[in-house]
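Participant: Sequence:
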Amino acid sequence: MSVARKVVGNPELADRLSAGELVELLEEARSVFRSEPQLLELEGSALVVGDTHGDFESSRRALSEEAKLTLFLGDYVDRGLEQLKNVNFLLAEKVERPERVYLLRGNHESPLMNYGYGFYWEVVGRYGPRAYRMYAEVFSSMPYAAVLNGEVFAVHGGVAEGLRSVETVRGLPKGDLEPSNPIALQLLWNDPDESVEYFAPSPRGPGINLYGRRAVEEFFAANGLKLMVRAHEYFPEGFHEYFGGMVLSLFSCRYYPATRPKAALLEGASWRLVALT
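Here the sequence shown stands for residues 432 to 708, where the numbers follow our numbering.
All the given hints hold, so there is nothing to weed out.
Think about it this way: if two alpha-carbon atoms lie no more than 20 Å apart in a straight line, the pair counts; the simulated SDA-like pairs of lysine to any residue are:
1) Lys605 - Pro542
2) Lys499 - Ala706
3) Lys499 - Glu698
4) Lys657 - Asn580
5) Lys657 - Glu625
6) Lys605 - Met544
7) Lys437 - Glu458
8) Lys437 - Ser495
9) Lys657 - Glu474
10) Lys605 - Val463
11) Lys437 - Leu453
12) Lys499 - Gly475
13) Lys657 - Phe674
14) Lys605 - Ser541
15) Lys657 - Arg644
16) Lys605 - Ser466
Ranges of calculated distance between the beta carbons of each label pair, as one might list FRET restraints:
17) Trp552 - Ser433: 26 to 32 Å
18) Glu592 - Val555: 31 to 37 Å
19) Ser476 - Pro613: 29 to 35 Å
20) Gly602 - Glu664: 24 to 30 Å
21) Gly440 - Arg465: 24 to 30 Å
22) Ser611 - Glu698: 32 to 38 Å
23) Trp552 - Tyr665: 21 to 27 Å
24) Arg531 - Pro667: 28 to 34 Å
The hints are simulated quantities; they were obtained by calculation from the structure and are not laboratory data. Glycine is no exception: its CB is placed at the ideal position from the N, C-alpha and C atoms.
Working from the sequences, and respecting the hints, build out all of it.
Facilitator: In structure tokens, the structure reads:
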């Protein structure tokens, strides 16, 4: 029996893998992600999940919900109490059910963030630096965005300055351990801001922007979109709407103060919240 199948059958094994089992899981996951385009086109009802940051319980609950697809928006590691368990469980689910479970890349799927926020040290402490390098290669192969039912743009951070067509996402390079393409960087890091019209520099750092209502409206008009669903920001209630409902932001990790983690079940561009508690 494959390691992925064992973990899916008994998720408690996800953080108890031997070094050899971990290598097998990571190699299989890397192969699956490398076969996927950078822009996923998905059809059907979809449960969309925001940052889980080591919250295995939120991930497990999300995958127990009734939905044709489950789409995670990135940030599977760092900060939370069960980083290895969470990411290994999700990778196993992806390997076993590649046409039902989808994992996008978040800004924490990178060595710099993992080094500063804990995942690097946990992996190296248990399995050594080679194992972390394999995780980094898996992360660098994850898609950047998805279009759901032709009308919903799903991404970790949001629209990027200079991105006019969703088709541009297809051509973004795979395998960058740290995203070097300016559009790729912004897809992972940008945030919406009600006080901004188009784009403005973000306090998060160089090359990162805040985006406003007009930027979203023009991106939607050019691509036939009705909704953007994204993650990347903490909200105690687990969600927030921007620009009169054009952008839905989800947060799905219970390890922040007083968080009520949420996901959203999408049917077309309509959605309802799903509590992950």
